[in-house]
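Chemist: What follows is the residue order along each chain.
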Amino acid sequence: MKVLPPYLGAAYYPEDWPLDKIDEDIALMKEAGINVVRVGEFAWSRMEPEEGVYDFQWLHTVVNKLAEAGIAVIMCTPTCTPPIWLVEKYPEVLVVHDDGTRAQHGARRHACPNNRVYRQYCEKIVTKLAEEFGNDENVIGWQIDNEMYPPRGRGCCCPTCHEKFKDTMRQQFGTIENLNRTWGTDLWSQTYQSFEQLPIPRSDTWHHPSLLTAWMNFQSDSYIEFTKVQVDILHRLAKQPVGTDMMPVNGLNYYKISQVLDVVQFNHYNSMENLWQAAFWMDFIRPLKQVPFWNTETQTCWNGSTTANGYKEKGFCRVNSWLPIALGGEANLYWLWRAHWSGQELMHGSVISSSGRPLHIFDEVKEVSEGFRKAGEFLNNTRPVKSGLAVHFSGYAWWLFEFQPMVNGFRYADKMMNAVYRPLMEAQLRPDIIDPAASLEDYKVILSPFLPTLEESGLSERIKNWVYNGGTWIVGPLSDIRTIHATKYVDAPFGYLEDWGKVYCKYQIPGDPRDFIVQWKDDHTSRGSIWYDGFETRGAEPIAVYTEGPLSGLAAVTRCEMGKGQIIILGTMPTKEDFQRLLLNVAKEAGILPVVASSNVLAVPRSGKAGSGMVVLEIENRPGKLTLEREMIDIITGNVYKGDMDIPPYSAMVLVEK
Amino acid sequence: MKVLPPYLGAAYYPEDWPLDKIDEDIALMKEAGINVVRVGEFAWSRMEPEEGVYDFQWLHTVVNKLAEAGIAVIMCTPTCTPPIWLVEKYPEVLVVHDDGTRAQHGARRHACPNNRVYRQYCEKIVTKLAEEFGNDENVIGWQIDNEMYPPRGRGCCCPTCHEKFKDTMRQQFGTIENLNRTWGTDLWSQTYQSFEQLPIPRSDTWHHPSLLTAWMNFQSDSYIEFTKVQVDILHRLAKQPVGTDMMPVNGLNYYKISQVLDVVQFNHYNSMENLWQAAFWMDFIRPLKQVPFWNTETQTCWNGSTTANGYKEKGFCRVNSWLPIALGGEANLYWLWRAHWSGQELMHGSVISSSGRPLHIFDEVKEVSEGFRKAGEFLNNTRPVKSGLAVHFSGYAWWLFEFQPMVNGFRYADKMMNAVYRPLMEAQLRPDIIDPAASLEDYKVILSPFLPTLEESGLSERIKNWVYNGGTWIVGPLSDIRTIHATKYVDAPFGYLEDWGKVYCKYQIPGDPRDFIVQWKDDHTSRGSIWYDGFETRGAEPIAVYTEGPLSGLAAVTRCEMGKGQIIILGTMPTKEDFQRLLLNVAKEAGILPVVASSNVLAVPRSGKAGSGMVVLEIENRPGKLTLEREMIDIITGNVYKGDMDIPPYSAMVLVEK
Amino acid sequence: MKVLPPYLGAAYYPEDWPLDKIDEDIALMKEAGINVVRVGEFAWSRMEPEEGVYDFQWLHTVVNKLAEAGIAVIMCTPTCTPPIWLVEKYPEVLVVHDDGTRAQHGARRHACPNNRVYRQYCEKIVTKLAEEFGNDENVIGWQIDNEMYPPRGRGCCCPTCHEKFKDTMRQQFGTIENLNRTWGTDLWSQTYQSFEQLPIPRSDTWHHPSLLTAWMNFQSDSYIEFTKVQVDILHRLAKQPVGTDMMPVNGLNYYKISQVLDVVQFNHYNSMENLWQAAFWMDFIRPLKQVPFWNTETQTCWNGSTTANGYKEKGFCRVNSWLPIALGGEANLYWLWRAHWSGQELMHGSVISSSGRPLHIFDEVKEVSEGFRKAGEFLNNTRPVKSGLAVHFSGYAWWLFEFQPMVNGFRYADKMMNAVYRPLMEAQLRPDIIDPAASLEDYKVILSPFLPTLEESGLSERIKNWVYNGGTWIVGPLSDIRTIHATKYVDAPFGYLEDWGKVYCKYQIPGDPRDFIVQWKDDHTSRGSIWYDGFETRGAEPIAVYTEGPLSGLAAVTRCEMGKGQIIILGTMPTKEDFQRLLLNVAKEAGILPVVASSNVLAVPRSGKAGSGMVVLEIENRPGKLTLEREMIDIITGNVYKGDMDIPPYSAMVLVEK
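Residue numbers (full-length UniProt numbering), protein chains in the order written: chain A, 1 to 658; chain V, 1 to 658; chain H, 1 to 658.
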């Protein structure tokens, strides 16, 4: 009997438990309604206890027992934690930090992605694992390694990585003169005579931003290449879809890595206060691939490594479990099923305790599994409706702002979430969060705030065409201010915006230590934030104008047409209210109609061959409101609603049009 | 003429001063009433200026001059500061920090306790020193080294220590399989194939808690072994009692080291605000040995290394000097007699300044010495009366919580002092603070809060028998939750408590970010703190019950009988008031009768062949109250008191029954 | 046509720009009124792209173009940033930090000042540069290197520096016994047997203050020697005055380095809130040499490295540009002319943007340049009038207090600025800030607070004679408490003060955690701060007396005559009001008459062959007041003033007596 989505599952570490406990586990899994578990993640030393000596019997036993219980398996490659015999024989496989120290056994994510020996041993264990489970009917997918990102800011700084970085630069620039010219190394006598001279940009030195950006990009590519090695083996030997579990951090280019994967996997541990941030990330990973994503990790009731922290109130487990389903995923897995009895991370919340006792959220888990079952057919035969709205979000931008925040205290991801995404979300203008490389064709309105370079993946040309063909593009502040190499343009503060947006930027001023007043077309005034471009209009229409300081009289926000579309330039970041007002107007013009609901309600319309409906969640643990245009039935409870309805705290509903 | 206790003294560094200043010093010491000084502490380079060239003449001169003035000497071994010729010839004697750097000459506590060469040179200098002063009538005791603890968190990480650690593990576990099984190394592929592979757990890596705990225990044992080497020499060549000055920090197992020593020595530098913490430590060191302890260091009027800080108000010097005497010690020594004129620590408070001028507390020192003299006979012939109450306090627990605090912000020693000891003390329920290895037979009531493992020193068996024989044991929260190897039990959240305490722990919840309400038997409600165990009673009586959240209806505090005794389990840490109320009831039942006094008064009853009485101190610099059951005389002033009496700020009295 | 001061200029980096941009720059410079630019600072790799291959043609082109535009040049030696070929061939030229890591290419200030190879290459490039531009009529001065100071606290810790330090100590002390005796190394067995054993005092070890001070002094001397090498070449080959741009930090002995230089150059980046601190530094650098100083760097409108921060309100650029002129300088240069397009420091405020657009302060720059022109003749033919008041300020004291702050939170430079200089300045008692080595003859009143040693540069003898000849000396607190070797005096708390000041210091108490009350002669009371000396008077007159605590009845401030002069000892630091009252009285007695103005007005009288007048600035962006004794004309506006006049926010005037 094939297990069908939606999947409700958990991470499972049978390598650390005797068989009788495993039987106890599986009985409780069935009771909870769990239908998938993730295994093998760090179990290399159980799979290959000595070099070349393999043992998968224990794992087959577990997988078979699970199969008998109707529980599917996501199999993980264990490459995140090389066994002691490997690091002892080849210490060079260990990451070298940028202070010159070598990582130690006993940790995880401590092997160099570029090390040839490490890669060979990874290939061997992954090949073996794929041979063992690549055709196992109960295995429904693969997870490669775990939570990959360059460790400690600069990633691996070993000689292998250094050499490979220099080779990468050699390939990218051809000649060192070209690199010097492109990066502008004449200042501070930074000019290189050969690629051999390029240093690893250590964090204790204030380095050239072009070098830093190139290094981080190289680190990202190294992990993607490392992943690709495993993907190729699995594609050759296994029939199941392959992914790697990504995290809400900046480390890898997730767009690029998703190109080589079959399914997007994602881990998050958001708190009650910032559950909406998980929504941001799911709105980001959903567009990465056509197939529904898998939420591979989330907490049940609290986080914990050395401390148990962040107890979640009643109902959180419910709504947090539904969140990925609402936003286009088809799996939610908890970390972890049974708490560890030894080692690190002893204090983490789980479904059952290390002594096998259900935690207080056990009934919520059961409730969720029942809901998944009831809504399964509708969910599996519909997809979230595209809103036509998108926001650009770029890991490359994140690096640029990390090395050069432009304004004191500016943190790219925070601002994208708090000042851009959350106001949209609360206004029910739910966007796709897209990488600059993503196709633009599904969208009527695109926002590109804080996007320092338009040169990523040829975006400048694509966005220009998209606007010409009718798109509404809201861009800035701090967008189009850098080349792809982290340098400035020298003929204007922007690469393209003045020309396209029909403005001339007369003055620029940072929003530190204070903010300036702007007056909007309806004459109300408010303060901008973060950054201030003051524009003379050269064909554009001023939408908001500065009324004080050196910028007085200059435009802060402008609009102009380009082809069939229009460009709205934000010279400063407006208040939340002004931003929402602007966006609601633009969306309305573009025919984008938000759901009518209070700001704490996440309501995601779906449609497909199973009809139309919407998944509705309350995500702030307070009463919410929703207005239905037509009568709908909650297929979990069977209740029927119409018109204005109450959305109770932390509730989850699957409303279907009758 | 033999100098008798109580000793009032000071640290003295004659190695840094010419003879005429020493004569000046001794004259002022006599004026102050000082009767003991501590010398030699760091003076290795004066004793052995070149390898094998010894010079003790200057020290004999000083000791003899002191003897003539009736001032006894505590002689210190100078091993804390090896001379330059030693570290230059054998750089390997220097500590290696866990970042790989080697300590530098010019510091102190910077030599490896396990280094064979260092130990040999220590043996030589200690032997010589013992030969010189082991039979000196004016030397009344020995201090080994100074303030020993593993430096910088992880202690010495040199190759010698690494090898010895691996040997220690080899001896402890026999086979590596046993270690793997015991520690549970299967997670994260941490499994070892041989003891040779065990790493030093560097602080920059998130290491396995079992490894960390074993490493710190090994460090502690190394210093104890290092101490033992010196003790053996001194026991062979010297007739005086031997100790080493310990500090109110976690580093060595003080119970274990005290077994090899003759007298407990202790240094503290508490502020006006936390003088009661010094009482905690003295209540801890008093039970370590039968003989009275020596308070070897405390400040006179302010602390100071590079800054003079923490000026103490009038009277503090008095009460701080009396504190060790009140709590069972027989010596109080200031650090330091005369302020340094060069080197580090120039700014520290002292008795006289570096230019030989008495500080403003000089008259208080005189007053204390007169009081000591007047009360001497009574004090020397009585001992503090045991209250029958004890609290477990464990350095091992301290490590476990350091590597795994369980709840955000939980600091073991702080909680033991603030949430456990201070409420008891303020209720005049003055306990012995005892190591888990200590004998239980003197006690009627024992508290074991935050004691993660009962496996230390066979405590589980001993405490069980003790309860069966009539003891009242108050245990938890966060007690009995780990094996001695820092792993969890797998059949229940506790090792023993459910069985003994007749409860079943249904749910556990961390007290982060909020606390839960409990209702007590008298129906009043309050909030718990830190941690929440929710119990079903299986024969126990619920004393307090949760009234909200997932724990609603479960017991928070339970009581049950076991043999002739009883067990009270705290599932959460009550408020101060609830905790005091509970303890006062339990104490009353056990026949423990507290002194009647205000919370700022420390009143320690004494008895012995010199009769009965009590030492009374006010330790918070505000007026206090004490109620006497019968008439008593203050043998310092001759004043007679009865019934309710005022205790003036920072006063010290020795009340004796007439 | 020779360019005359006052100079208004900017840092310029033509090495990073093509010729057409340079033409654009020069046109805008002319428009702005810029008459000097600073070039070459970091351009070694453009000047010597390969070893021994020189290219100055591009620089001649720039200098000549500037000359044609009437813009003079300050030529910088580029030694701060060695080219990659040098560090690649000789990695040993790179600084070694005190953690053992070697600095990396890509930074600046990362070469060892003592490295022989580095010095040779510096000599070669400086020689070449001097040959090229030493007789260029358009070059008006030289700047050596850039912002020199020992990096990262301890400076360069390479083997070369270590050896040289040991040699320096060998030369200074002759025998190791002398060093041991002088430093007092007997404590902690720190005694050395040979100079070879002296360690580098790493910051991770708590080192002997005498060693630390000697090390920092050695570092300072190393940079001065390094500078001297370049000065000698330039003096031989170039006809223009030579300086090096200094910073408001403690690193080099600025008095000593100024002895080998021709002109003092200074960089500052003060905020709106602490612009007066720039005045402190200018009052410090003005007395260093007879010739007017050059303010070589200051921001135009905001600072910026990776963030643009600290936007300055309208008028700040004006008043900040006038500040050095007012205080005796003859040049103000902005950092920078045109913002960088690549590399580090992209976000810094400038005169024109990287895309060649004037910033919003462009008109203020023009206004300043016009003002400079109008006032030039008067300014060039007058000098600020000496007030007769001086305050000692010592980099050596700064080190002593850094290694030993004496009291918690005491920061020497902060206190000198906030508690000493600012109160004086606000009372219009504008002092020279002088090094202990400076001549005393120009002064009637000298303050020496927080000057731990009087042994610097023979100050004790010179100040004694100066008092005898009629000077009024206000000294303390925390003065005369250390020898030049950072040790204490052993016969009294002071070296000289008790004898000279006719007092006996009975008690000393730190001002932590609280302050004590003093009563002044007029019976008003207030609290002291920082430190408390309690004096018995032995011929001195008590001016303020303690009325509480152990110091009660002792004098806090005393006065006594010595020869024709007097000594006022501050035993504690009075309140701002008491300090001002005391100083105004003393100044009045000494015939020092302050300008009558509000505290926010900086009014600096000038006189010379062009007559008398004053430069008046408002430095706090709020209205101010000034009272003129006689009618004066503002030669910038032509306005005439008399009696009470308003000083508008951020205004600058040059008032001249008619």
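Calculated directly from the structure, the hints in this document are not laboratory data.
There's no promise every hint is true.
One copy or two, either will do: identical chains are not told apart, so a pair holds if it fits within one copy or between any two.
Said to hold, decoys possible - Straight-line Cα separation of at most 27 angstroms, DSSO-like style, residue types lysine-lysine; simulated pairs: (1) 89 with 164; (2) 289 with 642; (3) 576 with 642; (4) 502 with 21; (5) 30 with 166; (6) 228 with 642; (7) 374 with 228; (8) 415 with 128; (9) 564 with 464; (10) 21 with 506; (11) 415 with 21; (12) 228 with 21; (13) 89 with 128; (14) 506 with 30; (15) 228 with 164; (16) 289 with 521; (17) 2 with 289.
Chemist: Please write out, lowest number first, the hints stated earlier that are contradicted by the structure.
Modeler: 2, 3, 5, 6, 7, 8, 11, 12 and 16
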